[in-house]
Amino acid sequence: MELLGVIVGISIKALIFIIGMFLGAAYLTWIERKFAGHIQQRPGPLHVGYHGLLQPIADALKVLTKEDLVPDGVDKFLFYLASLMAFVPAIMILAVVPFGEGFNLFGFEIKPYITDLNIALILALAFGSISIYGVIFAGWASNSKYPMIGGLRKAAVLIGYEVALGFAMVGPVMQAGSFSLKEIVEAQSSYWFIIPNILGFVVILFAILAETGRTPFDVQEAEAELVSGYNTEYTAMKFGLFPLAEWYVATFVLSAITVILFFGGWQPFPLLGWLPIPSIVWFFIKVFALFMFFLWVHWTLPRYRVDQITELAWKIMLPLALANIFIVALWVIVIG
Amino acid sequence: MAVKVKYLERPHLTNKERIFFIDFINGMKITIKNFFRKTITTAYPYEKLTPPKRFRGTHGHRVKDGKEPPSFKVLEKFLEINEGESRCVACYMCQQACPVPELFKIEAEQLPNGKKRLKRFDMNLLNCMYCGLCTEACPVDCIIMTDEYETASYTRANCVIHLDDMVERAKDYDRRRYNEPDRIWIDDTERSKLWGQIKWSNN
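Protein sequences, first through last, are from chains H and Y. Residue 1 is where the first sequence starts when you use my numbering, and the numbers rise one by one after that. Residue 337 is where the second sequence starts when you use my numbering, and the numbers rise one by one after that.
It is worth saying that the hints were derived from the structure and are not from the lab. All of these numbers come straight from a predicted model, not from anything done at the bench. It is possible that some hints are incorrect.
As the list claims (entries may be wrong) - In the DSS-like style, the derived pairs of lysine-lysine whose C-alpha atoms are separated by at most 25 Å in a straight line are:
hint	chain 1	residue 1	chain 2	residue 2
1	Y	Lys507	Y	Lys413
2	H	Lys315	Y	Lys352
3	Y	Lys352	H	Lys34
4	H	Lys34	Y	Lys374
5	Y	Lys400	Y	Lys451
6	Y	Lys369	H	Lys34
7	Y	Lys455	Y	Lys365
8	Y	Lys384	H	Lys34
9	Y	Lys409	Y	Lys352
10	H	Lys13	H	Lys111
11	Y	Lys352	Y	Lys342
Produce the entire structure from the sequences given, and follow the hints as far as they go.
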């Protein structure tokens, strides 16, 4: 009986997370379009609903009712698999992301996270990497030159930034002594891990921009060179899942992980702890700020070449990540 | 002929610029400044801009109303034109000047009293490139281009304009804008504020 309760509880929680993430991602598109518009001195979506607030719903309806074309020469299995493979692992990272402390509501203890694994960070990294296979498969399965080039570029870039990303996450783990995201947050109650880990933070910014295909590193879809890159041959919702997964779900989830690792998760801002704000709101304020930072970078900078990205990843970001580990090791020995 | 290859040096970055991403920060400063500026767009179907007077829109026919150039007085006695009718003298100059002459269908007849009268003046705007040469060729300042630019239509037939609607269009245009000073730029003061004053040579 107890097992049944746990299963029902977890299923409801997972459903809430998934539906919430879908709606959240839909409205993140609205935020991005508004932000991009105003950066270019135009208002963005304005017509559907008040200031375009219903635009994401209209877009979703449109993309869901479009004809789902599958070109003749594609590898059908991989073609179908790729779009799911990009989206599902990205949303699965949510399973290990803690959004706040547990709190009591009507006598029940509610924990705003699905599970608290002791290898949560590694799981998140693994799912993040699997999600990239979606892009590479899409490029390969499309049987067309531009998607192919896009997929290969992503593969080339992937090798560089994944290493840096992994090493950059080591610093906070060393300080907290645990891979569990919840314990990492709890270890930051006195000070945030950004303090000795500033180099790691720079590296992780670079790696997230590269992983989510945002502008300075969006070589895989480079619309000026590759039509639309890896998703050129996709239509309807199969197409819609790619930007949803990469630009919104992955960016959001990786922002959440960055906040957990470096900015104290749901811990309040220093000197503002007395404010009556629940922990989950603190967490979302931080994640949203970081997300907006990524948007800001995306809509400002021009694109790097593939060789420049790999050069940056191997020659600058990887040594920086290693230096970060060294500094944190000294910090742990000296301060504790 | 050998191809000349020119090698360019990369712009040299100082260490300070390299370490603190000064270029990135400058770029992001610009975008965030733009973010807080007012938008410069027009909500088109609800808000319409009036083009400058020299805009080349759909054609119109000016009528005989006493504002004709002197050349019209010379030609007038050969023609049967009443007050308020198109002042076209059916000289075919517009068709001669047109790069696509077949888009005009102009017909005139001789009345029993020996005078000439315009019967038909159709233009197929599907072929028109809005170059404005017809308006320059017109000796009596009859065919003009108005400021109407919404020429889309559901049928091909609607894209041909005729004498009567051209007369109406020109009447409407002249009522609104005949007395407006003819300037290319309508907001000179703002331009000079943004990009500085122009300077004529002093003789």
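Satisfaction of hint between Lys352 (chain Y) and Lys315 (chain H), Cα-Cα up to 25 Å:
holds, 18 Å
Holds or violated: Lys369 (chain Y) to Lys34 (chain H), with C-alpha atoms at most 25 Å apart
Since the Cα atoms of Lys369 (chain Y) and Lys34 (chain H) sit roughly 15 Å apart, the hinted pair holds (cutoff 25 Å).
Pair hint outcome, Lys34 (chain H) versus Lys374 (chain Y) [Cα-Cα no greater than 25 Å]
The given pair, whose Cα atoms are some 13 Å apart, holds under the 25 Å limit.
CA of Lys13 (chain H) to CA of Lys111 (chain H), is that 25 Å or under?
holds, 9 Å
Agreement of Lys400 (chain Y) and Lys451 (chain Y) with the hint, judged by alpha carbon distance not exceeding 25 Å
holds, 17 Å
Can the restraint linking Lys409 (chain Y) and Lys352 (chain Y) be considered satisfied, given a maximum Cα separation of 25 Å?
Given that 25 Å is the threshold and the Cα spacing comes to 78 Å, the pair is violated.
Do the alpha carbons of Lys455 (chain Y) and Lys365 (chain Y) lie within 25 Å of each other, as the hint requires?
violated, 65 Å
Does Lys384 (chain Y) pair with Lys34 (chain H) here, judged by a C-alpha cut-off of 25 Å?
holds, 23 Å
Tell me if the straight-line CA distance from Lys507 (chain Y) to Lys413 (chain Y) falls inside 25 Å.
holds, 24 Å
Would you check the hint for Lys352 (chain Y) and Lys34 (chain H), treating anything up to 25 Å between C-alpha atoms as holding?
Given pair Lys352 (chain Y), Lys34 (chain H) is violated - Cα atoms ~34 Å apart, limit 25 Å.
Pairwise hint evaluation, Lys342 (chain Y) against Lys352 (chain Y), where the allowed Cα distance is 25 Å at most
violated, 29 Å
Against the hints set out earlier in the document, violations occur for numbers 3, 7, 9, 11.
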